[in-house]
Amino acid sequence: MSERRDDKAWLPWAIWLGGLMPAAMLALRGFTGDLGANPVAEALNACGELAIKVLLLCLACTPLRIVFGWTWQMRARKHLGLLAFTYASLHFGIYVGLDKVGALSSILADIVERPFIIVGLTAFLLLVPLAVTSTKSAIKKLGGKRWNRLHQLVYVVAVLAMVHFVMRAKKDTTEAYAHGAVLALLLGVRVVDRVRRRSRARTVTA
Amino acid sequence: MAKPGDDVPIRSSEITSEKDYASRPKPGVPPDPEPDLGFNPARRRFIRNAALAVGGATAFGGALLAITKRRGGAPPPELSALPALSVAETPSARALASVALASNDTPTPLEDITTYNNFYEFGLGKEDPAFMAGTLRPRPWTLKITGEAHKPEEIGIDDLTRLFPLEERIYRMRCVEAWSMVIPWLGFPLGKLIERAQPTSRAKYVAFKTLHDPEQMPGQRTQVLPWPYVEGLRIDEAMHPLAILSVGLYGRTLPNQNGAPIRLVVPWKYGFKGIKSIVEIRLVEEEPPTTWNRAAPSEYGFYANVNPEVDHPRWSQASERRIGELSRRSTLPFNGYAEQVAHLYEGLDLRRHF
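Each protein sequence line maps, in turn, to chains F and B. Residues 103 to 308 in this note's numbering are what the first sequence spells out, letter by letter. Residues 44 to 397 in this note's numbering are what the second sequence spells out, letter by letter.
Isolated chain B (complex conformation):
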């Protein structure tokens, strides 16, 4: 820092031009009169400044909007074009349709469910999947059930829905980012598929894997996460009647951005456990690796049960914003499904096994 009195060299940009020097105000000499241009020079100046201000504002404002612009362009594909699905109206299916749902848990609008997604295979922004997931080809699709099973098999997606009657399940969905939705899923209990594969006595866990195909999932070209996305459940969690494989929502086939053609829904766990576009389910003996746990082990555990008592390092889990609401709601233990699932975790330290 130059101190006053220091001999700092004068830069050429600081030297007054000869023209300016010549026109400097001189004592006793009146300044040159304004040239007569036919109208009031003050008015002329005002018009000039106003034009420059408006032009400059447009340029500056436009530039700011451009560098902070989120997403525009083509709208997401029309959802009403998706085929409708038929639902089993059996009493057992109806019994679980809206289990533990409170009167103020009204389903989140379809538009929000299909435009606010965390699906990094199609971009990091919440709106990206709605625009980008058109490259996914959900049919034909084969799901492989393998590992510790007496009857491993590969089943086509449409055969699956013929084997297992579809049930509607209106579940709360709580994201680890402290927002939530209420989603009317269509699907079938995961346990039914596992039973069919006849697990061996060594099957202690269930490992899930998403499609790995950067052609269909352009987000996989960048290594934000280790691809393919993998998830896992303990087998007793997987056999719980509330854990479902979903193939649709709001009465229609699952939109690509929501994990078409088949995804996991475990309503008492944070949303990232709900692995999308599943190609393989493997019954295993050891606890399988899970993607977010691998990416940030201190932030995301294997269990990921919704727990208002255990905060994420960057945000509190005590409350949540229901999409479509301005105020916040208290987050419930196990996302409000404690009565149904808490017994699975008796004796487990939920602070350590978060």
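With the rest of the complex left out, here is chain F:
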């Protein structure tokens, strides 16, 4: 019995050990001077890209259940969300600490004047309450329904992250739009599922 309950105990370990590998690689490349001519920009972009990619993986868990009926990945969802938040924090930390070197006036000017910074910052700030309430006790405290409603913010975060990605591109928006298309697919599966369940529920009650 206990073995059955524990048979996915390895999953969080795999996600965190594997998920932090790119961060470790970046750190290693940084220390050995292997991040190219502009290491700050390289690390900044890499962490932003990882945040978006891991967030998309996190948002793929539910569609996998809807489409294929799989359930094992639902246990990964929380950890993927926290991993995405980790990379978003690194991205934000590098922007503040290394790109802007903590120059507050320059950061404030960016926030006021540059829409793409405002959008990215908003996405990051909206992730914070989700990360804070990722524990079991937080779910209990908030109640499942309120917790669910709060965590629907992740859809807003994902859309804002895509807008940030597209706006930042100088001319090569292809990559950003490709990520946006994946997000649209993942959200589309949810919408179709919801509509179908609702109409089925209606025919059952009718």
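Because the hints were derived from the structure by calculation, they are not lab data. Values in this document were obtained by computation on a predicted structure and should not be read as measured data. A hint or two may mislead.
[What the hints assert, rightly or not] In silico SDA-like cross-links for lysine to any residue, where the CA-CA straight-line distance does not exceed 20 angstroms:
id, chain 1, residue 1, chain 2, residue 2
1, F, K202, B, S362
2, F, K273, B, N161
3, F, K272, B, F345
4, F, K273, B, G168
5, F, K155, F, V265
6, F, K272, F, N147
7, F, K272, B, F315
8, F, K273, B, P269
9, F, K155, B, I110
10, F, K202, B, E352
11, B, K187, B, E197
12, F, K273, B, P340
13, F, K273, B, T265
14, B, K252, B, G344
15, F, K110, F, A162
16, B, K62, F, W174
[As the list claims (entries may be wrong)] Just so you have them, the derived chain F footprint on chain B, three or more residues with Cβ under 8 angstroms:
id, region
17, 163-171
18, 365-371
By construction, the Cβ of each residue, glycine as well, lies at the ideal position given by its N, Cα and C atoms.
Given the coordinates of chain F, work out where chain B should sit on it, guided by the hints.
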């Protein structure tokens, strides 16, 4: 959203299997003992989980690295193989060699100059040109000087360097993306070439054009920018002694990724004005179209003079990161060449003509 109490149909994936149902814990009945496999089942579980964790981590980490991988593969061609160039040691050439250079403007390492390039004809990534520009054939190469000139001509690249003695110019290079380098160029004043063509009185501007050949420049197969790349200067800007056509850097022939065999360098303007791999220079009466201005007119102007006061919509131009440095430097008006060039723009509203 289904509300509690709604009659939502149960999906087949949610139904407990018969096997699981049969083995559910029953009150009063002790669960089946663990089967005896010869060693501690807890230890067995631990080994199994550890193996799965390590295997899963390797797979997941490897997948993440793969989908975010930048560039690997063959290294860029060896730069030391490029022919060395000889430099004129005349006093006038030496006078401009390090004009307006500050003591902390040390030349950026060759490796950075040749691996961090914006040259969309060879890919959109900064490292792409170093890997991709091997397809460019910089020799033989002909540069055409045409338009409003009494003596238009076509000159072979090696004849050019025989006609005009090469000078070393150590210039700051400020990219519109808020990074900068210090580059020891080899070249000759653009004005000397224009003088030789004898401009007519209608020659008010100079238009430049890059090679258009998707065979040699694979990036031109995608329409990220309207090809070929074109740039332009007012004729008085072009005649300024600091504006040069460069054919080399660090004492050697120009590497392909830096715009071989001949490129424009205008140190008081943003880097994108420095059009690469030029095939045609045309003297014209009207302000010529310029590529980035055509692509995004609100972001890139015709003048593109370095100006810390006028921000780009996506980034501040007040400061810059010098490649090789971690902290930021203040950006100087006209990239620090104000004393030499500011008079060209007297009476011009630099906020409007950015």
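A quick look at each hint next to the structure:
At most 20 angstroms may separate the alpha-carbon atoms for a hinted pair to count; K202 (chain F) and S362 (chain B) meet this at roughly 10 angstroms. At roughly 12 angstroms between alpha-carbon atoms, K273 (chain F) and N161 (chain B) fall within 20 angstroms of each other, so this suggested pair holds. For the given pair, K272 (chain F) sits about 18 angstroms from F345 (chain B) by alpha-carbon distance, which is consistent with the 20 angstroms threshold. Distance check on the hinted pair: K273 (chain F) and G168 (chain B) sit about 11 angstroms apart at the alpha-carbon level, within 20 angstroms; holds.
Pair hint K155 (chain F) plus V265 (chain F) holds up; C-alpha atoms about 14 angstroms apart against a cutoff of 20 angstroms. About 14 angstroms separates the Cα atoms of K272 (chain F) and N147 (chain F), which keeps this hinted pair within 20 angstroms; it holds. Proposed proximity of K272 (chain F) and F315 (chain B) is supported: the alpha carbons are some 13 angstroms apart, at most 20 angstroms. With a CA separation close to 12 angstroms, the supplied pair K273 (chain F) and P269 (chain B) stays within the 20 angstroms bound.
Taken as a hint, the K155 (chain F) and I110 (chain B) pair is honoured in the structure, with Cα atoms around 9 angstroms apart against an allowance of 20 angstroms. In summary, the hint linking K202 (chain F) to E352 (chain B) is supported, as the alpha carbons are separated by about 18 angstroms, within the 20 angstroms threshold. At most 20 angstroms may separate the alpha-carbon atoms for a hinted pair to count; K187 (chain B) and E197 (chain B) meet this at roughly 4 angstroms. Taking the CA atoms of K273 (chain F) and P340 (chain B), the gap is near 13 angstroms; set against the 20 angstroms cutoff, the hint holds.
For the proposed pair K273 (chain F) and T265 (chain B), the alpha carbon gap of about 12 angstroms is at most 20 angstroms, so the pair holds. Taken as a hint, the K252 (chain B) and G344 (chain B) pair is honoured in the structure, with Cα atoms around 18 angstroms apart against an allowance of 20 angstroms. A distance of roughly 18 angstroms separates the Cα atoms of K110 (chain F) and A162 (chain F); the hinted pair therefore holds under the 20 angstroms criterion. Restraint check for K62 (chain B) and W174 (chain F): satisfied, since their Cα atoms lie roughly 18 angstroms apart, inside the 20 angstroms limit.
For the region 163-171 of chain B, the stated coverage by chain F is satisfied: 4 residues place a CB nearer than 8 angstroms to a CB of that chain, which reaches the threshold of 3. With 5 residues bearing a CB less than 8 angstroms from a CB of chain F, the region 365-371 of chain B meets the requirement of three and the coverage assertion stands.
Hint check: no violations occur; every hint is consistent with the structure.
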